[in-house]
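Residue numbers (my numbering), protein chains in the order written: chain R, 1 to 220; chain L, 1 to 337.
The hints are simulated quantities; they were obtained by calculation from the structure and are not laboratory data.
Every residue, glycine too, gets a C-beta built ideally from N, C-alpha and C.
Among the clues, some could well be false.
Simulated DEER-style distance windows between Cβ atoms [stated by the list, open to error]:
id: 1; chain 1: L; residue 1: Ser-280; chain 2: R; residue 2: Pro-93; range: 24 to 34 Å
id: 2; chain 1: L; residue 1: Asn-58; chain 2: R; residue 2: Leu-59; range: 32 to 42 Å
id: 3; chain 1: R; residue 1: Phe-143; chain 2: L; residue 2: Asn-58; range: 48 to 58 Å
id: 4; chain 1: L; residue 1: Lys-107; chain 2: R; residue 2: Leu-59; range: 34 to 44 Å
id: 5; chain 1: L; residue 1: Glu-289; chain 2: R; residue 2: Phe-143; range: 27 to 37 Å
id: 6; chain 1: L; residue 1: Glu-291; chain 2: R; residue 2: Ser-52; range: 18 to 28 Å
id: 7; chain 1: R; residue 1: Thr-185; chain 2: L; residue 2: Ile-273; range: 13 to 23 Å
id: 8; chain 1: R; residue 1: Lys-86; chain 2: L; residue 2: Glu-291; range: 21 to 31 Å
Simulated pairs of lysine-lysine, DSS-like, Cα-Cα distance not exceeding 30 Å [to be verified]:
id: 9; chain 1: R; residue 1: Lys-86; chain 2: L; residue 2: Lys-281
id: 10; chain 1: L; residue 1: Lys-61; chain 2: L; residue 2: Lys-36
id: 11; chain 1: L; residue 1: Lys-94; chain 2: L; residue 2: Lys-149
id: 12; chain 1: R; residue 1: Lys-92; chain 2: L; residue 2: Lys-47
id: 13; chain 1: L; residue 1: Lys-36; chain 2: L; residue 2: Lys-47
id: 14; chain 1: R; residue 1: Lys-92; chain 2: L; residue 2: Lys-281
id: 15; chain 1: L; residue 1: Lys-86; chain 2: R; residue 2: Lys-92
id: 16; chain 1: L; residue 1: Lys-214; chain 2: R; residue 2: Lys-186
id: 17; chain 1: L; residue 1: Lys-86; chain 2: R; residue 2: Lys-86
Given next are the chains, with one letter for each unit.
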Amino acid sequence: MKHLTILVAFLLSTLIVLGQSEKGYLSNNKIIYTGFFSVGRSTFKSSLSAPSAFPTLELRMGAGISKSLGEIIELRSRLAFGVKFKREAYNKPGQSYVIGPPFMELDEVSSSRNHYFLEIPLVIQFNLPHPKLGFNIGANYRFFLPNNSDVDFLTNRSDLGIITGLTYRGFGRLEIGMDYYFGITKLYSSAGTIDTTEFELNTRNQFAQIRIEYALRKKK
Amino acid sequence: MKKFIFLIIIIPLFISCDEQLANQEASFCQNTMTFKSINHLNSIADKISGMSDFELDNWEKENSFVSYRSVLREAEKEWITITTQKERSDFLKKYEDILTLTDSTLKPLIDIGLYQSIVNREGIYQTNGSLNKLIGDFIVSVKNDEYKKIENLKSIDINEQLPKTAGVKIIKYTGDDFNINSRTKSACSTFVQASYFDNHSQCKDDRRVYVLGKSYILFSTNFEGDWRQPRVDIEVYGTKRSGVFCNWSGYWTVLQYRNVSYSIMAWSVQNGIATPTLISKSIPDNFNENEYTVLKNDIAVGSSVLNQSISASAFITLHAEGTSRGVSGNWAVVDCR
Numbered sequence: 001m002k003h004l005t006i007l008v009a010f011l012l013s014t015l016i017v018l019g020q021s022e023k024g025y026l027s028n029n030k031i032i033y034t035g036f037f038s039v040g041r042s043t044f045k046s047s048l049s050a051p052s053a054f055p056t057l058e059l060r061m062g063a064g065i066s067k068s069l070g071e072i073i074e075l076r077s078r079l080a081f082g083v084k085f086k087r088e089a090y091n092k093p094g095q096s097y098v099i100g101p102p103f104m105e106l107d108e109v110s111s112s113r114n115h116y117f118l119e120i121p122l123v124i125q126f127n128l129p130h131p132k133l134g135f136n137i138g139a140n141y142r143f144f145l146p147n148n149s150d151v152d153f154l155t156n157r158s159d160l161g162i163i164t165g166l167t168y169r170g171f172g173r174l175e176i177g178m179d180y181y182f183g184i185t186k187l188y189s190s191a192g193t194i195d196t197t198e199f200e201l202n203t204r205n206q207f208a209q210i211r212i213e214y215a216l217r218k219k220k
Numbered sequence: 001m002k003k004f005i006f007l008i009i010i011i012p013l014f015i016s017c018d019e020q021l022a023n024q025e026a027s028f029c030q031n032t033m034t035f036k037s038i039n040h041l042n043s044i045a046d047k048i049s050g051m052s053d054f055e056l057d058n059w060e061k062e063n064s065f066v067s068y069r070s071v072l073r074e075a076e077k078e079w080i081t082i083t084t085q086k087e088r089s090d091f092l093k094k095y096e097d098i099l100t101l102t103d104s105t106l107k108p109l110i111d112i113g114l115y116q117s118i119v120n121r122e123g124i125y126q127t128n129g130s131l132n133k134l135i136g137d138f139i140v141s142v143k144n145d146e147y148k149k150i151e152n153l154k155s156i157d158i159n160e161q162l163p164k165t166a167g168v169k170i171i172k173y174t175g176d177d178f179n180i181n182s183r184t185k186s187a188c189s190t191f192v193q194a195s196y197f198d199n200h201s202q203c204k205d206d207r208r209v210y211v212l213g214k215s216y217i218l219f220s221t222n223f224e225g226d227w228r229q230p231r232v233d234i235e236v237y238g239t240k241r242s243g244v245f246c247n248w249s250g251y252w253t254v255l256q257y258r259n260v261s262y263s264i265m266a267w268s269v270q271n272g273i274a275t276p277t278l279i280s281k282s283i284p285d286n287f288n289e290n291e292y293t294v295l296k297n298d299i300a301v302g303s304s305v306l307n308q309s310i311s312a313s314a315f316i317t318l319h320a321e322g323t324s325r326g327v328s329g330n331w332a333v334v335d336c337r
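Using the sequences and the accompanying hints, generate a full structural model.
Put into structure tokens, the structure is as follows:
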């Protein structure tokens, strides 16, 4: 965690210095709007070794905004609506369980229902002129929507984390990219005893996604 | 005329059922299991909860009884042979009285193993003088000669006032109890839960604490074959209202449990032979002062069973109390027997 913090601080400071040295800072100060769609794989990252990461499919779509801070730097954000689809449960009602304690709740939450969320990332993107690649890093906030009839550890909860990604900009208005997100928020934390042995389990979200963005105004 | 014919048929049935009860804990009349008293029901329940599916099949054959469980097993066998949409809709029509299809999974309308074994396809069993029909989370009771009152009763909507008909008793026997006074006294099942609602402001400051007991079987394999271990999980967790619209969510808080004890049928293995055994346990209190989303105690009960299909036993008794920091020192109490 300490290494990640240092890395992020270093990268951000480098990007800010680079941005300030760009000649075209003021003249390129444009705003571009984008449409966005992504498909990804979401998992739970547990502090104890788990028999599964309980992977689920996630889809997102929304609108983005990008503001140029120079020739090679952009500040990007978007508002996305997403769904974390439920998966087939390992532990089926009325049958013997194959996932034991303390991971049963993770299986239950990932399989009980679809979880809908809103998401707002804020990233700084560093664009290489050749090849047309971009690297980005920033913070990602998402909020799992309420569901008063089925409250679980994701329901009505905020999830904050670090998102980083790669973008290829070689298709005119269309961009494709890949992102990786690691949650800082501990969404699930259980403790107690299992067969008289004390335990503590903390769980965070993580996901990887493939993203397509379409610029509504052509970039120059 | 119709009523008269019905009475002519039904009255002798119940007379003959009563006669059969003289020397037995349970008898079987017109495919309805009949118990002499509540003690005999408990005794049979203990016996049944220790039986495997195979043993239950034999026991039913010996007594010429076809339980809800047997019909459900037949349906499950039939379900896996279905290949077309037409077969599927015919199947659902045929078994609409005992199961539903939810997210491609068959779900029995009665999901507690013990009740599945003692009721017939209609969900009915008989105790001395009363007919009891399981409908959703409720047991509806009438006198033996008042079968007509429950014959066509298919559902009870908990959001509406319960039907009030003279001579009809309705008891909630399973499902969540959101009673504000937190006490759940009910019949035991494999999952029993109670909650305490601390209503500070009818909105943002409201808290709820839950305490639950769950009995389940954990499956594992090794070179010897399939192992099944009965386990019991006791959990305490809290929820709170937050946000502009005061929606409920889980949260980190200080959680505690106390006075946890239960008895349940499990297995003991001696000389390689597994025999059903009554296990009673008391769990030490846990007054943890750290914050978590869930506090739990999960423990194996009895021995693992090798290469034998067993299902989770309902608790015979369970008492547990749980609290969280936000509920003003109140405790949710679950108590079943």
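| field | Outcome of range test on Cβ distance (R/Lys-86, L/Glu-291; 21 to 31 Å) | value | 28 Å, holds
| query | Should the hint that R/Thr-185 and L/Ile-273 are 13 to 23 Å apart at their CB atoms be regarded as holding? | reply | 51 Å, violated
| query | Within 30 Å, alpha carbon to alpha carbon, are L/Lys-86 and R/Lys-92? | reply | 27 Å, holds
| message | Does the beta carbon distance between L/Glu-289 and R/Phe-143 stay inside 27 to 37 Å, or does it fall outside? | response | Given a distance of about 30 Å, which is inside 27 to 37 Å, the answer is holds.
| request: Please test the hint of 32 to 42 Å on the beta carbon pair from L/Asn-58 and R/Leu-59. | output: This hint is violated: roughly 51 Å between Cβ atoms.
| Are the Cα positions of R/Lys-92 and L/Lys-47 separated by 30 Å at most? | 25 Å, holds
| Holds or violated: L/Lys-36 to L/Lys-47, with C-alpha atoms at most 30 Å apart | Roughly 16 Å separates the two Cα atoms, so the pair holds.
| field | Proposed proximity, R/Lys-86 with L/Lys-86 (alpha carbon, max 30 Å) | value | With a Cα-Cα distance of about 27 Å, the restraint between L/Lys-86 and R/Lys-86 holds, given a limit of 30 Å.
| said: Is 18 to 28 Å respected by the C-beta to C-beta distance linking L/Glu-291 and R/Ser-52? | reply: 26 Å, holds
| Is the Cα-Cα distance between L/Lys-94 and L/Lys-149 30 Å or less? | Holds. L/Lys-94 to L/Lys-149 sits at ~24 Å (cutoff 30 Å).
| said: Check whether the Cα positions of L/Lys-61 and L/Lys-36 lie no farther apart than 30 Å. | reply: Distance of about 21 Å is within 30 Å: holds.
| When you take the CB atoms of L/Lys-107 and R/Leu-59, is the distance between them in 34 to 44 Å? | This hint is violated: roughly 27 Å between Cβ atoms.
Of the numbered hints given earlier, the model fails hints 2, 4, 7, 9; all others are met.
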